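Since the structure of chain U is already known, use the hints to place chain C on it.
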Amino acid sequence: MRLSEHRYRTISSLEGPLLFVREVFAARIGEVIRIVAPDGRELAGEVLRIEGETVLVEVYGETRGLDAESTSVIFTDALRSAPLSSELLGRTFNGSFRPIDGAPMFVPEKRSPIGGCPINPSARARPQEFIETGFSVIDGLNTLVKGQKLPVFSCAGLPSKELVAGILRNARTVSASGSGHPLLPGAEAAFVVVFCAVGVTFQEYHFYMKVLEEIRTGFVAFVNMADDPVMERLLAPRFGLTAAEFLAFGCGMDVLVVMTDMTNYCDALREISTAREELPGRRGYPGYMYSDLASLYERAGRIRGMKGSVTLLPVVTMPEDDITHPIPDLTGYITEGQLVMSRELHQMNIFPPVDVLPSLSRLMQKGIGEGRTRRDHREISNSLYRLYAKGRDLRKIEAIVGRDGMTKGDVLMLDFADAFEREFVNQGTRGRTIDETLDLGAAVLKRFQSGKA
Amino acid sequence: MTGKVVGISGSTVYVDLKGLKLLERVYVGHRMLAGEVVRLDGERAIVQVYEDTRGLGMNEPVKAGGAPLTVRLGPGLLSGMFDGLQRPLEKLRDETGPFIRIGKDMRALDCSAVRRFVPLKRKGDEVAPGENIGFVEEGAFRHFIAAGGRSQKRLSWTADGEISLEGPVGVFEDGEIITACSEWPVRVQRPCRRRLPVSGPIVTGQRSIDFLFPLARGGTAVLPGGFGTGKTILEQSIAKLADADIVVYVGCGERGNEMAEMIEEFLDLKDHWTGRPLMERTILVVNTSNMPVAAREASIYTAVTMAEYYRDMGYHVLFLADSLSRWAEALREISSSLEEMPGEEGYPTYLASRLSSFIQRAGVVETLSGATGSLSMVLSVSPPGADFTEPVTQACLRAGGAFLMLDTSLAHKRHFPAINWFQSYSLYSKDTIEVYIEKVSARWGTLMQRCRELLQKEQTLLEVSEIVGIEGLQDADRLVMRVAGMIRTEFLAQNAYTEDAFSPPEKTCAVITRILDYYDDASGRLKQGKGLEEI
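First to last, the protein sequences are chains U and C. Just so you know, the numbering used here puts the end of the first sequence at 453, numbered straight through with nothing missing. Just so you know, the numbering used here puts the end of the second sequence at 1535, numbered straight through with nothing missing.
The following block holds chain U by itself, in its conformation from the complex:
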């Protein structure tokens, strides 16, 4: 430990975002570096590798204009950490945690390393408290619970932001009527939102900021725009999650973290990995992408004996609409389910265009039923799913043999699948309560089950 800053002017080589510094005394891995360019511009960086007295530094941001002779490199002896305070609420920062909303930086109560520490699995509490999102297709069939991580798998051009905006506006823990929920019937609690924008366009940024300003309970935004430094794409979600953990486990709030778009995050990871000359894995993404994504997503959860929770809602745009692409694939292996959007439903003007069949919420079983939502929830959801799956299967046959070649029962199933999409899935932007959702599901079922008899 040196406990002081050291300044060097011993750069031996510069290569893209990497620079080698010679004759460094006692550097630390991950140490935060400040770099002063010949023109006085200051850049940030981090120690990536140390070999004897030679240190490899990764520079965040544009390295144009750096040279070997007069650029100085300052070793700060500190690790990257996030300043935290309850004054975070209502603020907007960039990917380096500098305010971009015009107000001055707050005085931090404490600082925490941005990598976080893994939650001890034996200290976790089982996520089981129902979150009402207002969308039937989620609440009814792919129920979200507190502490879950549930990504939205979207395709380019589909209204994922409208879906997320809808969830942000509506999300609340709520007790269904007469459910014996710890909250009073009809009582509700809303979420604090931590918004991490990764490589977004101005349009998206503008759209989301308008939504965030409507949220009564407060938000914190970390925004990395498409033209901001690539390295900050990796930092923004980490700052966001560190802030979320602080608000949840430090201040006892229920936090909903939205990260969009994780495809930009993974591409940034690939870009930086290539610059570091690491071995590429599938489609050029680094082999450690699974562990890296897990180090973000696994920070969701609840802790036994503590108030507060971190619920994660990442948005992934599937390249080429391909769910087996490494990004959605690895995400699906880490998260507890996924909401998959479908181009077909979108073409049919159905909103939200969530395809129920490949979608899944792994933690749903414990979050529904008596005391959570409603006693008949499981049954309604299973029946809807089963019949819809059957109807969808039959559509393939219909395309070959035509409706006339099918039995009466099969035609009924086809009609059910249509009705399910048009009436249950399709709802526009107006939120439905869980009771409305279940009543509607039961009504659709009843129409077709009685028609069958």
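None of these hints come from the bench; they were simulated from the model. Predicted model only: the values in this text are computed from it and were never measured. For every residue, glycine included, the Cβ atom is placed at its ideal position computed from N, Cα and C. Just so you know, not all the hints are guaranteed correct.
Covered by chain U, per the in silico footprint, the following chain C stretches (three or more residues, Cβ under 8 Å) [to be verified]:
{"hint": "1", "region": "1046 to 1060"}
{"hint": "2", "region": "1462 to 1474"}
{"hint": "3", "region": "1481 to 1490"}
Leaving out everything else, chain C in the frame of chain U:
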């Protein structure tokens, strides 16, 4: 012996410490991060550190551990919950809070505990290495304590009654002490007198497994499936319900929330074979995906060594790992940080040999004390993009004996367990079928064959009906489809959240008998000229 850090790259650390051995344990830096020597290179040793190295500085001290990575074996492992390096998670939580801070070394067993020792050998008895000298009670189990040493020796003293785990339980005439706890290097297979062929089935309670693709004691089942196909649920059901004496479950690089769910459930449930708390027969090793990668690589070895330890007492141990792909990925990450030449998809070329020698640790053995114990494995694999041609699945296939392929399209139809009945196979059918025939039904074999044929026929008919429509099929064929549908929904599918989660072999046999009897009856009536709708 101490040296210092001379280079750092991620979790790979270069140290200038002479006299280290390969795979020796070392402690790095002021925070004493645990690591393992992976390469010796002239003056320097290369160390793989099991923990986050962030903040580690140059010239920090490095201490040699003197021994390879070992686990501590002794009474008290059962119902324990450990991380990949065998640190007790519950104790860690109580001492350091809900977040795992690094560099905290902690012993797996509570050595201050006092237990009652019942000797089986007395003063003057000749004892061979590996022979049991007595036992302590651990829940419902007798935890046998074996003598170490190299040759047969005479005992001069054995304990009787209360012992502490640190003290001796026996002394040889030459003064050598026998203790209740021992250490064993995780990467070394524990010895046995001889290996035996697999014998008899493990009843999992899953109809599709027990009936179509049975598992055998001492065998290995590989369970590959894309995400959302229910690997974890299936593994956990097997862990809960299978008829094993002891279950060792490794959550290797998987989800924390799922582990929390599993832990809570295991604490609540009773073992339905014995009625005792389920945790009493279970050891959990948990290294979730955000815990350090190198410890994830070690976690399966830590777990399998504990499994072998109980096997050596003559128990039937079931070892489950979820998932081996995460282990292989950890291996890949470590290999690439050592700048080794990559093989297929970036995995190191020794992936297949490491895997097969690991899987080889399963089997039935005659233990050193003459008892018969077994170690069976159920290993899940998470192939990227549900593509089964990838290296980890393929390497597992060559070494495993049963292949239970989990099918994404079945999962989308909510058919669980989503075991594909055309692609899966089990090489243990012959080893297990006699037991079922003898104990359950003489028709077991014929029923199985007919069930397979019907499912195969349905497949062919489905292709035809896609062209001509189901109306275009003959009644006999439509009956086949109806019966095959019954087999799928009433027999093969099983809801893990209901009473039906466990189906004893008798029930399995009764359900399939009922369906096939219906088929025989209906086809008889069809032949008499009745229409299908009437039946």
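So, going through the hints one by one against the coordinates:
With a cut-off of 8 Å between beta carbons, the region 1046 to 1060 of chain C has 8 residues touching chain U; three or more are needed, and the interface restraint holds. Counting residues of the region 1462 to 1474 of chain C whose CB falls under 8 Å from any CB of chain U gives 8; the rule of at least 3 is met. A stretch counts as covered by a chain when three or more of its residues have a beta carbon under 8 Å from one of that chain; for the region 1481 to 1490 of chain C and chain U the count is 0, and the coverage is violated.
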